[in-house]
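Going down the list, the sequences are from chains A and B.
Sequential numbering from 1 applies to the first sequence in UniProt numbering.
Sequential numbering from 1 applies to the second sequence in UniProt numbering.
Be careful, since some hints might not be right.
Same chains, same label: a pair holds when it works inside one copy or across any pair of copies.
Said to hold, decoys possible - When the alpha-carbon atoms are kept at most 27 angstroms apart in a straight line, the in silico BS3-like pairs for lysine-lysine are as follows:
(1) K91 <-> K114
(2) K118 <-> K77
(3) K167 <-> K224
(4) K91 <-> K118
(5) K231 <-> K5
(6) K95 <-> K118
(7) K146 <-> K228
(8) K142 <-> K231
(9) K142 <-> K224
(10) K5 <-> K77
(11) K118 <-> K5
(12) K5 <-> K91
(13) K242 <-> K77
(14) K242 <-> K228
No lab work stands behind these hints: they were computed from the structure.
Protein chains: 2
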Amino acid sequence: MQRLKCIISYDGSAFSGYQVQPNRRTVQAVIEDALQKMHKGEFIRIHASGRTDAGVHAIGQVIHFDSPLAIPANRWKVALNSLLPDEIVVKDVQKTHSDFHARFDVISKEYQYKILLKRDRDVFLRHYVHHVPHSLDYIAMKEAIKYFIGTKDFSSFCSAKTEIEDKIRTVYEIEFFEESDMLTFRFVGNGFLYNMVRIMVGTILEVGLGYRSSKEIVTILEMKDRTKAGKTAPSHGLYLWKVNYNN
Amino acid sequence: MQRLKCIISYDGSAFSGYQVQPNRRTVQAVIEDALQKMHKGEFIRIHASGRTDAGVHAIGQVIHFDSPLAIPANRWKVALNSLLPDEIVVKDVQKTHSDFHARFDVISKEYQYKILLKRDRDVFLRHYVHHVPHSLDYIAMKEAIKYFIGTKDFSSFCSAKTEIEDKIRTVYEIEFFEESDMLTFRFVGNGFLYNMVRIMVGTILEVGLGYRSSKEIVTILEMKDRTKAGKTAPSHGLYLWKVNYNN
Chain A
1 MQRLKCIISY DGSAFSGYQV QPNRRTVQAV IEDALQKMHK GEFIRIHASG RTDAGVHAIG
61 QVIHFDSPLA IPANRWKVAL NSLLPDEIVV KDVQKTHSDF HARFDVISKE YQYKILLKRD
121 RDVFLRHYVH HVPHSLDYIA MKEAIKYFIG TKDFSSFCSA KTEIEDKIRT VYEIEFFEES
181 DMLTFRFVGN GFLYNMVRIM VGTILEVGLG YRSSKEIVTI LEMKDRTKAG KTAPSHGLYL
241 WKVNYNN
Chain B
1 MQRLKCIISY DGSAFSGYQV QPNRRTVQAV IEDALQKMHK GEFIRIHASG RTDAGVHAIG
61 QVIHFDSPLA IPANRWKVAL NSLLPDEIVV KDVQKTHSDF HARFDVISKE YQYKILLKRD
121 RDVFLRHYVH HVPHSLDYIA MKEAIKYFIG TKDFSSFCSA KTEIEDKIRT VYEIEFFEES
181 DMLTFRFVGN GFLYNMVRIM VGTILEVGLG YRSSKEIVTI LEMKDRTKAG KTAPSHGLYL
241 WKVNYNN
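Given these sequences and hints, build the entire structure.
Below is the structure:
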């Protein structure tokens with residue numbers, strides 16, 4: 001038996017999210033199906049660094065699983081990609097130690113969020129960016145993001161649909177940069193609550209559009225009330241970019 | 001009554017081609033539906049520079065239509081875009097003279113064809129590029145494209161499924177350039193037969209892969225026989241890029 005760690009990328013517009021659900025095409029189900037084919041019908045459970053919602057993309061999602069097959073690591077990637085549909089690709093497969101866990105061993109995660117600023121929509125990017133045809137106040141936005149940095153209770157930035165009780169997370173880094181009509185946000189933290197990145201983006205955009213002042217972020221955080229923060233930005237601009245582990 | 005000329009862009013993966021067909025979602029049908037809404041139920045026929053097949057994209061398709069509405073040209077664009085789905089966008093609307101015709105007045109057309117050369121597939125580009133994970137002999141390909149330039153009988157590079165009898169076309173320009181794993185072909189000609197660009201690309205790729213010599217193009221053209229040319233490259237790499245008219 002060997003444990004394998006894979007880095008995978010997928011187009012979220014092709015799936016009903018990551019996690020297995022009855023009668024839905026999910027990322028987990030499609031990968032487990034491919035593994036079952038490789039294992040002559042034997043079911044192989046995979047474990048990811050975390051779920052992604054319907055529409056959310058992944059550039060560097062990490063999964064692990066155990067296999068009795070004696071396949072060299074460099075052959076796993078080719079074998080899996082030949083069995084997976086075009087909407088998923090395995091970018092890397094490594095053998096790992098038997099107590100590595102893709103979810104429990106996460107040190108930090110990076111998400112990116114992409115916004116198209118052009119006035120006209122781009123028909124080719126409709127599933128891959130959030131279209132905001134308005135100018136944004138970058139100075140106010142830079143001010144706003146500072147208030148998120150650090151270890152805080154993010155209850156106001158978490159969907160009500162969650163069972164997790166501990167809403168304290170540490171955000172290490174938020175930045176944004178513009179490159180030919182595309183505004184990209186980078187978020188790095190030790191973990192993110194359900195919809196947390198999308199609610200932060202939605203709220204930062206409301207600051208950028210002048211609907212809120214940047215200082216409101218402080219009050220919103222203090223109130224620990226989801227209804228005080230901004231709208232949840234759409235899923236299709238969000239990318240799980242990278243998952244970091246202790247070596 | 002005024003005649004309007006529009007430049008439109010669409011994602012071919014969302015439609016069963018350009019031309020109206022029963023029970024299919026086509027580009028023409030969707031635009032005519034939007035116009036019918038604007039004209040309170042009155043049907044407005046549109047005319048394009050030419051059809052595009054299912055899966056083929058457009059950056060600069062041109063259409064014209066006549067309307068009795070007294071809307072200034074700059075308001076037409078916003079009105080139409082608000083009624084069209086996300087997969088189509090109107091980029092420009094101009095009033096034109098009453099004998100302008102989007103198809104009959106074409107002077108030349110430009111198509112582009114995009115090929116992803118990376119070894120791994122890109123899940124986000126699966127509808128937008130043709131994936132060729134092999135190295136190509138650019139010198140042989142450059143040699144091959146020269147034989148297409150000029151006024152020739154392109155019977156060998158035309159789908160058998162066509163009613164057009166005159167297979168003589170003039171190709172003004174073919175070039176290709178590589179930019180970070182993306183190979184782009186540009187084709188400019190006075191007109192292109194059914195599947196002509198895709199069969200030329202398929203054949204040039206077979207030269208690039210070493211399956212054929214570049215000089216074979218000369219013989220293939222002379223034989224006026226579709227079965228002698230290469231495979232038709234997939235529709236999803238093809239873009240109708242620009243349509244040129246007199247002034």
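Here is how each hint holds up against the structure:
For a Cα distance limit of 27 angstroms, the shortest separation of K91 from K114 qualifies both inside one copy, at 22 angstroms, and across copies, at 22 angstroms. Proximity of K118 to K77 under the C-alpha cut-off of 27 angstroms is restricted to the inter-copy arrangement: shortest distance 15 angstroms between copies versus 38 angstroms within a copy. Proximity of K167 and K224 under a CA criterion of 27 angstroms is satisfied intra-copy only: 9 angstroms inside one chain copy versus 71 angstroms between copies. Taking the shortest Cα distances, K91 and K118 sit within 27 angstroms of each other only across copies (12 angstroms), while inside one copy they are farther apart (32 angstroms).
Taking the closest pair of Cα atoms, K231 and K5 never come within 27 angstroms of each other, the shortest separation being 35 angstroms inside a single copy and 39 angstroms across copies. Taking the shortest Cα distances, K95 and K118 sit within 27 angstroms of each other only across copies (24 angstroms), while inside one copy they are farther apart (44 angstroms). Proximity of K146 and K228 under a CA criterion of 27 angstroms is satisfied intra-copy only: 18 angstroms inside one chain copy versus 65 angstroms between copies. Taking the shortest alpha-carbon separations for K142 and K231, only the intra-copy value of 19 angstroms comes in at or below 27 angstroms, while the best inter-copy value is 53 angstroms.
Taking CA atoms no more than 27 angstroms apart as the test, K142 paired with K224 passes inside one copy only; the shortest distance there is 22 angstroms, against 64 angstroms between copies. Taking identical chains as interchangeable, the C-alpha atoms of K5 and K77 lie at most 27 angstroms apart only when both belong to the same chain, with a minimum of 11 angstroms there against 50 angstroms between chains. Proximity of K118 to K5 under the C-alpha cut-off of 27 angstroms is restricted to the inter-copy arrangement: shortest distance 23 angstroms between copies versus 39 angstroms within a copy. In the homo-oligomer, the alpha carbons of K5 and K91 lie at most 27 angstroms apart inside one protomer (11 angstroms), although the nearest pairing across protomers, at 46 angstroms, exceeds that limit.
Taking CA atoms no more than 27 angstroms apart as the test, K242 paired with K77 passes inside one copy only; the shortest distance there is 19 angstroms, against 40 angstroms between copies. In this homomeric assembly, K242 and K228 never come within 27 angstroms of each other (Cα to Cα): the closest approach is 30 angstroms inside a single copy and 48 angstroms across copies.
When held up to the earlier numbered hints, the structure conflicts with 5 and 14 and fits the remainder.
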